[in-house]
Amino acid sequence: MTIKYLCLSVALIICVLTPCSAEEVPISDATSECLECHAIIHPGIVSDWQKSRHARITPKQAMAVEGLARKVSSQAVAESLSGVVVGCAECHLLRPDAHADSYEHNGYTVHNVVSPDDCATCHPTEAEQYSRNIMSHAYGNLVNNAVYQQQQEAILGMAHEPGGKSPFKYQPDLSGAEACLYCHGTKLNVSGTEVRDTELAGELEFPVIEGWPNQGVGRINLDGSRGSCSACHTRHQFSIEMARKPHTCKECHIGPDVPAFKVYTASKHGNIFSTHQAGWQFSSVPWTIGKDFTAPTCGACHVSLLVNADGDVVARRSHQMNNRLPWRIFGLIYAHPHPLKPDTTVIRNKDGQPLPTDFEGGYATEFLIDRAEMDKRRNAMQAICLNCHGTSWVEGHWERFENTIQETNAKTLVATRIMTEVWRKGHAAGPPNAAANPFDEAVEKLWMDSWLFYANTTRFASAMAGGGDYGVYADGRYHLNRRIAELYDWLQLRNTVNPPQ
Amino acid sequence: MTIKYLCLSVALIICVLTPCSAEEVPISDATSECLECHAIIHPGIVSDWQKSRHARITPKQAMAVEGLARKVSSQAVAESLSGVVVGCAECHLLRPDAHADSYEHNGYTVHNVVSPDDCATCHPTEAEQYSRNIMSHAYGNLVNNAVYQQQQEAILGMAHEPGGKSPFKYQPDLSGAEACLYCHGTKLNVSGTEVRDTELAGELEFPVIEGWPNQGVGRINLDGSRGSCSACHTRHQFSIEMARKPHTCKECHIGPDVPAFKVYTASKHGNIFSTHQAGWQFSSVPWTIGKDFTAPTCGACHVSLLVNADGDVVARRSHQMNNRLPWRIFGLIYAHPHPLKPDTTVIRNKDGQPLPTDFEGGYATEFLIDRAEMDKRRNAMQAICLNCHGTSWVEGHWERFENTIQETNAKTLVATRIMTEVWRKGHAAGPPNAAANPFDEAVEKLWMDSWLFYANTTRFASAMAGGGDYGVYADGRYHLNRRIAELYDWLQLRNTVNPPQ
Amino acid sequence: MTIKYLCLSVALIICVLTPCSAEEVPISDATSECLECHAIIHPGIVSDWQKSRHARITPKQAMAVEGLARKVSSQAVAESLSGVVVGCAECHLLRPDAHADSYEHNGYTVHNVVSPDDCATCHPTEAEQYSRNIMSHAYGNLVNNAVYQQQQEAILGMAHEPGGKSPFKYQPDLSGAEACLYCHGTKLNVSGTEVRDTELAGELEFPVIEGWPNQGVGRINLDGSRGSCSACHTRHQFSIEMARKPHTCKECHIGPDVPAFKVYTASKHGNIFSTHQAGWQFSSVPWTIGKDFTAPTCGACHVSLLVNADGDVVARRSHQMNNRLPWRIFGLIYAHPHPLKPDTTVIRNKDGQPLPTDFEGGYATEFLIDRAEMDKRRNAMQAICLNCHGTSWVEGHWERFENTIQETNAKTLVATRIMTEVWRKGHAAGPPNAAANPFDEAVEKLWMDSWLFYANTTRFASAMAGGGDYGVYADGRYHLNRRIAELYDWLQLRNTVNPPQ
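Chain order of the listed sequences is D, A and C. Numbering-wise, the first sequence is residues 1 to 501 according to the working numbering. Numbering-wise, the second sequence is residues 1001 to 1501 according to the working numbering. Numbering-wise, the third sequence is residues 2001 to 2501 according to the working numbering.
A couple of the hints might just be wrong.
Cut-off 20 Å, straight-line C-alpha distance, at most; resulting in silico cross-link-like pairs (EDC-like, lysine to aspartate or glutamate) [as the list claims (entries may be wrong)]: (1) Lys-2425/C / Asp-1489/A; (2) Lys-376/D / Glu-1421/A; (3) Lys-2169/C / Asp-1358/A; (4) Lys-71/D / Glu-104/D; (5) Lys-1187/A / Asp-1343/A; (6) Lys-2169/C / Glu-1399/A; (7) Lys-51/D / Asp-2310/C; (8) Lys-291/D / Glu-1036/A; (9) Lys-1341/A / Asp-1375/A; (10) Lys-1165/A / Asp-351/D; (11) Lys-2165/C / Glu-1421/A; (12) Lys-1376/A / Asp-2197/C; (13) Lys-1169/A / Asp-489/D; (14) Lys-291/D / Glu-1241/A; (15) Lys-2169/C / Glu-1402/A; (16) Lys-1165/A / Asp-292/D; (17) Lys-1187/A / Glu-399/D; (18) Lys-165/D / Asp-2351/C; (19) Lys-1376/A / Glu-2199/C.
Think of the hints as simulated: they come from the structure by calculation, not from any bench.
With the rest of the complex left out, here is chain D:
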């Protein structure tokens, strides 16, 4: 394949894939140069980008939009960027000194991993909001919490090492990147460089990045920033449509620990989405209730800028995402008021553990939002509900939801008290022995299931009015009570077989 033919191909590809003519879409020289090769070697990336809004609109055009329809929050974008569409170079050449993976590549200083701080060039408000999102700290909140590290070890480690020699060797770090850190995000690190013989340009040098690939929500980037916008706005279309559809959230929230997607699709809202979504508008900004969509998706309640038919704002756009969530229903180990700060490693419960509740269910109050903030968040959420439901409906729902939080916390307490008895009698090794992992023995997994899977699922079913099976037989109350009965049965039998001295 000669270079001449290559260029012709690129021209053809750009011509075919771009809806607007070349005159109308000002592409920077640098991006054009990128496309010359990359349209050949990575056609999927390029065609995806061609379908994006980034490929069709310049920041200047985007900033000319007034009012609620405006998608960029920056008031001023550098002249060099604002007049061209947002192509390869506009992101991958940004802030070259900030990125540890910057390298010389055909005359440009390129970095592979684009970070929220890069995106903040045009979307600073969203980046700032996201930095207050607990998800942006998902890496540190897991890795720097001793209790969660015991939990991770019990999941990833080798249970009951074999005495004999294993023919199979593996690296736990690589397993971790595929397990917990797939969603939480890896910590990226440039460990060196390597030379690769490329198809189109011969030998080239590239950085070697540990922890790559990853698009976890709390990824530690090579400029020190946290998160990955492409976790939800998948490269290289970065589409708002995708972020608003529930399939995106499903990538990490499928359960049984955080079963948001499963519960949603079994709810009335999910039914309406599944039935009618083909006729909805997923790209409108602002997003108009009743006109663009007739039932909420995840994004509608938690993220999107919503207006009613009059154009009045019902909910402001929030990449913090928990502004409308008074309760954190993902029990650790009990449901509790949301943490004050996205960095949860600073939390200490009354026993000094880095947990938002103690083992008896007491809240680590000073690290959690107060009642006034909870009320404010509840009101913000209910303001959305009220667009399609009457007051008595909304209040009836909320009363049940808060009751279910109390119910599942009470049942978690029962389970935890049996577990504590098991530890106390020496049938398993755990607290107060800090060295003993409280999550790695068979009986401890019964206890863990009770709150992590079944209390959680019961609460999600309640929160999203997706009751029915998820409140009962599908990881709901049936299984919560079952695990408690099994814990009790296990303890009774061990007390008989191995009476405590």
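Could you slot chains A and C onto chain D? The hints should help.
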């Protein structure tokens, strides 16, 4: 916001949202008055209604349709209703004396909860059919059956109450409304009134309704009627399209107890639906096999009026839904011929229990349909199958289906005999001790799983030809035999550790 | 209904259902005769066929297509077939002497079960490729392997036969056809004939076919051939669109044993499919990356002919399907290099068992592909990945994938060593006692889960970058380690209660 601006908004909303012009859609004065405020405060409800057929067609126009395309079964609708579209007032003002939640609201006697008896104004045949549907009795069949109440208590109650004081208090009634009664329906009750300060009209008085919100299939309404049409025809579009798509049935039939949706989507029929549904017509009445759709959804086999390409009726519309079901494969605790009457609380097995089978699997024959009725129902179902399958295909399928019923019943019998031995030897408390809950101990849950989850799933996989994993590894035979082996293992160990005296 | 009216109906149906006019679509006389009755009695079949490409294009037209767009691989189709569209007669009358179910039917020798050898008339390359697909041997690989037969017996058989008499009798063969053989395929056999009184033609004689209906991938047909093209190309549209959408694969690969579909829909690729598929072209041949679709479905990576935007071939069409799979990650009982031959009954591990690995994880190397073939297959797969991902991304992914294979194999080894100890101490009956089924006791099912469900799911999550929950809490590592802990707990307790002598 001034009233003048409000009215303008409403006019705009109605204008924008209604496809037809104002002249063509006669809206009653009362409904217009409703819309003046509610289009502002509940825009989602109003826009949903605007998308409905109710908002575009008057009963008179609907009754002018002849033959199979006719959607209303009433022969005569009151003059006051028949000339206007079916708006807010046409349903929420109907039969004011019948509804315990009727209240004065801006000069009208309004009730919030519209019931099947209201819908029967235009759809009397459907309401009558539904009253014969076992689902319409789902509330009483659960609440007034002592055995099922033990089962519910084992699921909702507090297993092994903690000795210590719990910081968490909850109301079991509210939990129940989110669990079993979410699908079965709550019993609504007006407990009083409350005054609320409303945004648009200042202080107003409203009824307080216990058990609200709820759209369960057997809801006991405030006019004494049973059921909720919006369980399947979701408010306020009430669309036939939604009722015909399987997502509606999924709300309650996701499993593992009644895994109809999961099995369907893994079946050949479900594959065809998932692949081709975008090109199907879901609103046609009658519904033409091969033209409007090329594989059945739940509605096609169980509810809808189907015709072949000649327009000949293949299946009549049925809101009774079990007209084509000889067997009830949701085992209680064995699969059995369908009950004769929708009220199953009258059933007594040979041991006097309110169950359609006894613990040895014998049928409570006099309360169940007979062989002639079973044959009639089987033939009615097969008449649908035969539109796309040859006789040998259909007969081969049915032979396997009835064999699977026998197989799973036989295995349930094995499980039940081991369970009975556990009770007999005193390892758990249960029958014949009527006071002992047979569902609340760990070993009893092994037994319950075997029929409620795994025998059921195996039968659904068979019935809907969605075999494969649901017949084996996904809640199928693998797990059925596993639970039996676990029961046996549990009994052997207890016999060793706690030898019966 | 008179014959005259019938004919009119058929004419109308054909007229209505066929997009092209009668002149343009040459239908054979034989097929026209079939349609005369079958459009009446099986309208769903006929209308499905009418929507197919088979009903609109003759083999001659199909063979006139040059290059990659060509869909038929035959170079010459008999004159009698090539000039007419592919209707009923063109398939069901083919090779009458080869089919044991051929019978006289209105003057024609018809066979009901069309086989891959029939389809090979026009699609010989695909049939030949499929014969090398391990799926084509799915029947024999299960039925003729003594170890898998023990596994099947433990699933289908009656665990712990009741002492008393059961009122329920069933036929295990029929159960088997609904369980394992639903996907693996049944062995068809003509056991006789029967006379049926038909609606349109009075008494007619038909063959009675044991094992029918079935569309399993390894079905043994009545001409001795293996497989069923309609497993994926569902009759009678036989659409490429359906085969390319993941719902088809879901029919058998839903898990928890082979959870490909579940993992896919939770992956980034699956998210993109779910979000954007409505705008994709599923029928284009060849299938252009970036233009026709922007994320792979199952078919894209494993089967389809893919080209890039330049029209260069990225992947060749393969009905062998494992050409791009170096590893078989469906552990039996460990993941291992793919078998050399589709008939796996010939495999012997070092202990003489018909398994690709021994119980210590050693590979039966001489029956598996070698490193060179593995590298070739890996390169073929990565050539697809590289269209949308950079080299470091692809290599990083692959390193983790192979690490996860080692990790899950190492954990399976731990589980197997505990299991071996259980057998050695006589707590359960198993190897080396060849007569003892190693899969039928409660403790053995703990072991089986560990590799069949949880090691498998962990590997699928890795392979398809659908990590997150499927790598951890949703049948992933959490459950793998849990089962190992349960096995260990079970063994410790039995050692205490029943000390080995």
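Hints, verified against the model:
1. Lys-2425/C / Asp-1489/A: Roughly 17 Å separates the two Cα atoms, so the pair holds.
2. Lys-376/D / Glu-1421/A: Violated: Lys-376/D and Glu-1421/A sit about 57 Å apart, past 20 Å.
3. Lys-2169/C / Asp-1358/A: holds, 17 Å
4. Lys-71/D / Glu-104/D: violated, 33 Å
5. Lys-1187/A / Asp-1343/A: With Cα atoms ~16 Å apart, Lys-1187/A and Asp-1343/A stay inside 20 Å; holds.
6. Lys-2169/C / Glu-1399/A: The given pair, whose Cα atoms are some 13 Å apart, holds under the 20 Å limit.
7. Lys-51/D / Asp-2310/C: The hint holds at about 18 Å.
8. Lys-291/D / Glu-1036/A: OK: Lys-291/D and Glu-1036/A at ~18 Å, within 20 Å.
9. Lys-1341/A / Asp-1375/A: This hinted pair holds, its Cα atoms lying about 18 Å apart.
10. Lys-1165/A / Asp-351/D: Holds - the C-alpha atoms of Asp-351/D and Lys-1165/A are around 19 Å apart, at most 20 Å.
11. Lys-2165/C / Glu-1421/A: holds, 16 Å
12. Lys-1376/A / Asp-2197/C: Holds, at roughly 19 Å.
13. Lys-1169/A / Asp-489/D: Between Lys-1169/A and Asp-489/D the Cα gap is close to 25 Å, so the pair fails against 20 Å, i.e. violated.
14. Lys-291/D / Glu-1241/A: holds, 19 Å
15. Lys-2169/C / Glu-1402/A: holds, 11 Å
16. Lys-1165/A / Asp-292/D: violated, 50 Å
17. Lys-1187/A / Glu-399/D: holds, 17 Å
18. Lys-165/D / Asp-2351/C: OK: Lys-165/D and Asp-2351/C at ~19 Å, within 20 Å.
19. Lys-1376/A / Glu-2199/C: holds, 18 Å
Going down the numbered hints, you'll see the structure goes against 2, 4, 13, 16, while the others check out.
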